[in-house]
Every structure is written in C-alpha cells, then in structure tokens.
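Enquirer: Here are the chains, one letter per residue:
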Amino acid sequence: MLALLLVGDLFRGSWEAIEYFGLGFLVGTTWDPVTQEFGSLPPAVGTLIKSTIALIIAVPISIGSAVFIAFYIPRGWRTLVSYPIELLAGIPSIIFGLWGLFIMVPVIRTIQVWLKANFGWIPFLDGPAVYGVGVLAGGMMLAIMITPIITAISRDILLTVPRTQVEALLALGATKWEAIWKVVLPYARTGLIGAVILGLGRSIGETMAVTMVGGNNFDLPHTLFDPIHSMASMIASEFAEATYSLYVSSLIYMGLVLFGITLIISLLAQLLIWRLSKGEFAILD
Amino acid sequence: MSIAAVNTASAHLATDRRFRLRKLIERVAVGGMVCCTAVTVSLLWIILGYVVYRGGKAVNWELLTALPTPPGDPGGGIANALVGSLIIVALGALMAVPISLGAAIFVNEFPSPRLGKSVRFLAEVLTGVPSIVVGLFAYALIVQPTGSFSGFSGSVAYAFIMVPIVMISTHEALRRVPSHLREASLALGIPVWRTILWVVLPIASRALLTGILLAVARALGEAAPMLFTAFGNPFWNLDPSKPMATVPHLIYTYATGPYTDWHDKAWAASFVLLIVVLITSMLTRAALRSKADE
Chain P
33 MLALLLVGDL
43 FRGSWEAIEY
53 FGLGFLVGTT
63 WDPVTQEFGS
73 LPPAVGTLIK
83 STIALIIAVP
93 ISIGSAVFIA
103 FYIPRGWRTL
113 VSYPIELLAG
123 IPSIIFGLWG
133 LFIMVPVIRT
143 IQVWLKANFG
153 WIPFLDGPAV
163 YGVGVLAGGM
173 MLAIMITPII
183 TAISRDILLT
193 VPRTQVEALL
203 ALGATKWEAI
213 WKVVLPYART
223 GLIGAVILGL
233 GRSIGETMAV
243 TMVGGNNFDL
253 PHTLFDPIHS
263 MASMIASEFA
273 EATYSLYVSS
283 LIYMGLVLFG
293 ITLIISLLAQ
303 LLIWRLSKGE
313 FAILD
Chain B
10 MSIAAVNTAS
20 AHLATDRRFR
30 LRKLIERVAV
40 GGMVCCTAVT
50 VSLLWIILGY
60 VVYRGGKAVN
70 WELLTALPTP
80 PGDPGGGIAN
90 ALVGSLIIVA
100 LGALMAVPIS
110 LGAAIFVNEF
120 PSPRLGKSVR
130 FLAEVLTGVP
140 SIVVGLFAYA
150 LIVQPTGSFS
160 GFSGSVAYAF
170 IMVPIVMIST
180 HEALRRVPSH
190 LREASLALGI
200 PVWRTILWVV
210 LPIASRALLT
220 GILLAVARAL
230 GEAAPMLFTA
240 FGNPFWNLDP
250 SKPMATVPHL
260 IYTYATGPYT
270 DWHDKAWAAS
280 FVLLIVVLIT
290 SMLTRAALRS
300 KADE
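For the record, the sequence lines run as chains P and B.
Positions 33 to 317 (the working numbering) are the ones given, in order, by the first sequence.
Positions 10 to 303 (the working numbering) are the ones given, in order, by the second sequence.
The shape of chain P in the complex, shown without the other chains (with noise of 0.2 Å):
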C-alpha cells in the first residue's frame, strides 16, 4: 500500500517535468532555471562515479574484514571486533558528514595537491585539487559509510556456511586461507554479491554527506578532483532554491528516477541474499 503510494505520489508531484522533458530529462546536460532548461546527466554520472570509487575501496575491505570476523577470530573475541562495526553502521549519515567535512576534506585536499604536484600529467589527476571536496572525497566519504554495513551483511553471510566445508578441506592438509578460497567464498558467492549491491544502493540513495563533502557542481566531471552533484545532493541543495512549479517537478522528477535505480538494486539485492538463504529472510542492519 504504503509503495504503491509512494510511487503514485511522486509521479504526481513530478508529472510536468514529465508531460514537458519526457525521456529526454535522462540524457539532458543543461540545468538552467533561468531559461527552464533541465536535465539529469551529469548529477547522474556524479552517483554513478562516487559510488564506483566507494565500492572500490570498500569492496576489499569489507570482505576481508568480514572473513577475518568469520573465520579466524575465536569466538569469544568476536563481539568485541564486530560490535563496533555495526556500531559505525548506525551512526546517522549527517555525522559522518561534519566529521568529512571539517577532518577529512583538509587532509584529501593535502593529498590531491602532492598528487597533482607529482602525477599531474595523468589527465584524470590534473584538476582543481585545492577544494578538497570534489568526486574523490565523496567516493572516499561513501567507501567509509558502506564498509561496514557490507562487512556486517558478509559477516552475517560467511557465518551460514556449513562449517564442515572447511573442516574438510583442513582435513586434507589446505591451509585455512585455501580452504576459505577454494570453498567458502565460491560458496557464499551469491550472497557476497549481494551485499555488496546493497552497499551499492546504499552509497546511491546517500544524501547528506554527500551533499557536504562533494563539491556540488553542475557540470561533467573531468578529473578525479572536480567538485560535482549526485542525484541526492542536487536535490537537497536546489530544492530550497526551487522558485517556479516546473523547477521543483524537475527536481522530483530527479527524485523518481533515483527512487527507481535504488529500487532495482534494492530489489536484486534481496533476491540474491534471499535465495542464498532459501527462502528464510536475511535480517539486515
């Protein structure tokens, strides 16, 4: 009910944004209020690179993490290492956002200037580097968001696989890492992937620290430091500025269409994690 509502709402409020751009709103690149232009590509592009770069970083670390929870910590010393990740999973996203902002901006922007003094003649590391907000620190501030809700959904994931699996293979004389890579991440394969797109569809839907520590530029990026918009940060930061109907359709318009990316990954993430499970719910957060 409550869905169906949701989806109903909102192609109400966005409903002449799309009697006016149609599909074209996808592939637009101008944004101009001024003269009712509106398009949707480059904030998109904006998600899809932060989030490419966030789950680059987190993807490694999160199964690592996970597996060393998993498999080689003693049961009883397990809490005290896992109990603080799902603690971090917790912490509101506007948190992370002051803490990117006034801590972690400052030392990115050191970073991309020795980067740009000594690799400047890369194309993609020849930008604006003394922002410090820009696609590299979102992608940085998404990859630390999403570690550890993927490290606590693989955790929770490695842990149902049979334990004689591993017994098995130890048995024959493989290392415990052999025994963890020939069976017990083929197996929980599906489940991992999972995990991971929900980690995704997380770092996709991200709003406030995003919106603090991105930059927020309407414009293609070129190089890794441009500041530029997602999705949801263009939203949140344009909608108080909204001054005519179409300009907040367009911005609702926006919202649907991110509302529809998040709900296919949501959807397929569940689907994996759910077969893996057979049938049983995954409990998630």
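Among the hints, erroneous ones may be present.
[What the hints assert, rightly or not] FRET-style restraints, in silico, Cβ to Cβ: (1) B:S157 - P:G152: 45 to 55 Å; (2) B:I284 - P:R110: 39 to 49 Å; (3) B:K126 - P:R221: 22 to 32 Å; (4) P:K208 - B:R203: 53 to 63 Å; (5) B:V43 - P:G152: 48 to 58 Å; (6) P:R110 - B:G266: 35 to 45 Å; (7) P:G152 - B:M291: 45 to 55 Å; (8) P:T111 - B:L195: 36 to 46 Å.
[To be verified] From the derived model, a few chain B residues whose C-beta atoms are all more than 12 Å from chain P: (9) R63; (10) A99; (11) T204; (12) P211.
[As the list claims (entries may be wrong)] Listed next, the stretches of chain P that the computed footprint assigns to chain B, with coverage defined by at least 3 CB atoms under 8 Å from CB atoms of chain B: (13) 88-94; (14) 143-151; (15) 191-201; (16) 245-253; (17) 256-262.
No wet-lab data here; the hints were simulated from the structure.
The beta-carbon is built from N, C-alpha and C at its ideal position, and this holds for glycine as well.
Put chain B on the given structure of chain P with help from the hints.
Expert: For chain B alone, kept in the frame of chain P given last:
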C-alpha cells in the same frame, strides 16, 4: 649416492619449497585481513573520537537549554531543535507503530503464505529507499497541498522511514513466539483477536520495543527528509503545523555555514545526537542478546 636417492631428495626439496610458499600465502592473506579489520574498526574510533573531542568541548548547559542567538552573537543554544526533533519523531512513531504492528500481525497471524512473503519482501525493499526520496514524497503529499512547510510533514516522512523497520522486527518477534502457546489459548476457546492481544503480543513485547527503539534512533539521525518538510526554524515553536527545527538539520545548516561559532555548535549537536543514537543501539543490542541467551 645412487640416482634414486638424489631424486627423492630433490622431490623433498620441491615439496618443501611448495609448502613454504603455501605458508607464505597464508601469512600474507591473514596479514591483509588483519589490516582490513583494523581499518574498519579504527574508523569508528577516529570518528567517535573527533565528535567526542570537538563536541565535548562545546557542549554545556546553556547549549541544551537556550535558544539560538543571531549569528555572530556569543552564547545561545539548540533547545528548539532538541524539542523539535522529539516532537516530530514522537508524532512519526505514533503514526508508524500502529501501521507496522497491524501489518506484521496480519502477515504473521493470518498466514496466506504468498501474500505474507510478498508484503515482507516489499518491506525489506522499502528499507532501501533513500531518505531524500522519502522527503520528496512527504513534500508532494503534505507540503504541496497545504502550501506550507510543517513539522507534521516531517513526521510523515519519519513515519515512512520507521514503518518498514518496525514491521520487519515485529514480524521476526512474532515468528519466534512458539505456536503451541497460541494453540493452547485457542483450545481454551479464546477468540483469535484476544489470543493475539493477550498471549502473543505480551510474549513478543520486549522484541517489539527493541524494534521501535531502533526505528526511532534511525529516524532521529535523518536530516535529508527534513530539508523540505520540517524546514528548520530559528525560533521556539511547539506547533507542528508550522516549520520546526530538528537536530540533524541544524547540524547541516550550522556545519555548512560560515561562522566558527556555528561549527562548534554543529559538533556539540552531533555529540548529543551521537550519544542518544549509540545508547539506543547499545540498549537494543543488549536486549536482543539476552533474549537470544534465554
């Protein structure tokens, strides 16, 4: 030395080398994983440390009880946002709890397997809806027709965030109630609705409460939906039909603002918010754990 002996020795050497290589790979893998875990865990301490350090310095009694002063004037506090957050979340919970309890009871106690599973599945998917989209939804649903930003529209947004969380945890709790208790009650001739009300719900009550608390903690920290529903308000306001200030939204405004004094207040507000959220989440986890031990 015979040829056979040399062969055996070199075979030994090869096995030995292979074995050492495997040992090395094992060590490298474990080392890598230790690093990963260390990074993940230390992130919490770094973030927590900064919030406690910067926020702890700025937090004081005046901050919690006074109203904001105009920018530039010293002193002042965030009392209006604290109260605003409480009112909006409480209103949201009032809306969300009956809906989600009803839905969970319906799904679990009147089982039509396909319907139940699909409703539950939908709820899982709904937890993945970005909070900013929820905000847009509340905007189009309440703010546009009524023509003004209001605390109430913020509650609707929060309710929408809370419903799937409460519903999922309630459903889990109800599933764990042993069915023989239900059957015993029904066998005594007690009607289904009374069985649910007097037998099933009391047994599951603790888990229900945990679920609600979790949802409230989650909602308390959400800033994105407040941007265009509750909208924020620098003055004292207890009337939910007018714009209201909330703590997470205030953190956003203050953090992105140009004044150092505002930045300090943003840290202080984060400190307060973090403590509330962490305590709630620790309490719920403790409750769930002791439940699991029983």
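Enquirer: It remains to establish, for every hint, whether it holds in the given structure.
Expert: Hint check:
At roughly 51 Å, the beta carbons of B:S157 and P:G152 sit within the given window of 45 to 55 Å. Checked against the hint of 39 to 49 Å, the C-beta distance between B:I284 and P:R110 comes to roughly 26 Å, which is inconsistent with it. With their beta carbons about 24 Å apart, B:K126 and P:R221 fall inside the hinted range of 22 to 32 Å. Judged by the Cβ atoms, the range 53 to 63 Å given for P:K208 and B:R203 holds: they are separated by roughly 55 Å.
Between B:V43 and P:G152 the Cβ separation comes to about 35 Å, which falls outside the hinted range of 48 to 58 Å. Checking the proposed 35 to 45 Å range against P:R110 and B:G266 shows it holds: the Cβ atoms sit about 43 Å from each other. Remark: the range hint 45 to 55 Å for P:G152 to B:M291 is upheld by a beta-carbon distance near 47 Å. Distance hint check: the CB atoms of P:T111 and B:L195 are about 39 Å apart, consistent with the given range 36 to 46 Å.
Not every beta carbon of chain P lies more than 12 Å from that of B:R63, the smallest distance being close to 8 Å; the non-interface claim is violated. Every CB of chain P lies more than 12 Å from the CB of B:A99, the least distance being 18 Å, so the non-interface label holds. With a least beta-carbon separation of about 24 Å from chain P, B:T204 lies farther than 12 Å from that chain, consistent with its non-interface assignment. Every beta carbon of chain P lies more than 12 Å from that of B:P211, the smallest distance being close to 23 Å; the non-interface claim holds.
Only residues whose beta carbon comes within less than 8 Å of a beta carbon in chain B count, and the stretch 88-94 of chain P has 3; three or more means the coverage holds. Residues of the stretch 143-151 of chain P with a Cβ under 8 Å from some Cβ of chain B number 0, which does not satisfy the need for three, so the listed coverage is violated. For the stretch 191-201 of chain P, the assignment as covered by chain B is violated, since 0 residues bring a beta-carbon within under 8 Å of that chain's beta-carbons and 3 are needed. Requiring three or more residues with a Cβ within less than 8 Å of a Cβ of chain B, the coverage given for the stretch 245-253 of chain P is violated, as only 0 such residues are present.
Counting residues of the stretch 256-262 of chain P whose CB lies closer than 8 Å to any CB of chain B gives 0, which falls below the minimum of 3, so the coverage claim is violated.
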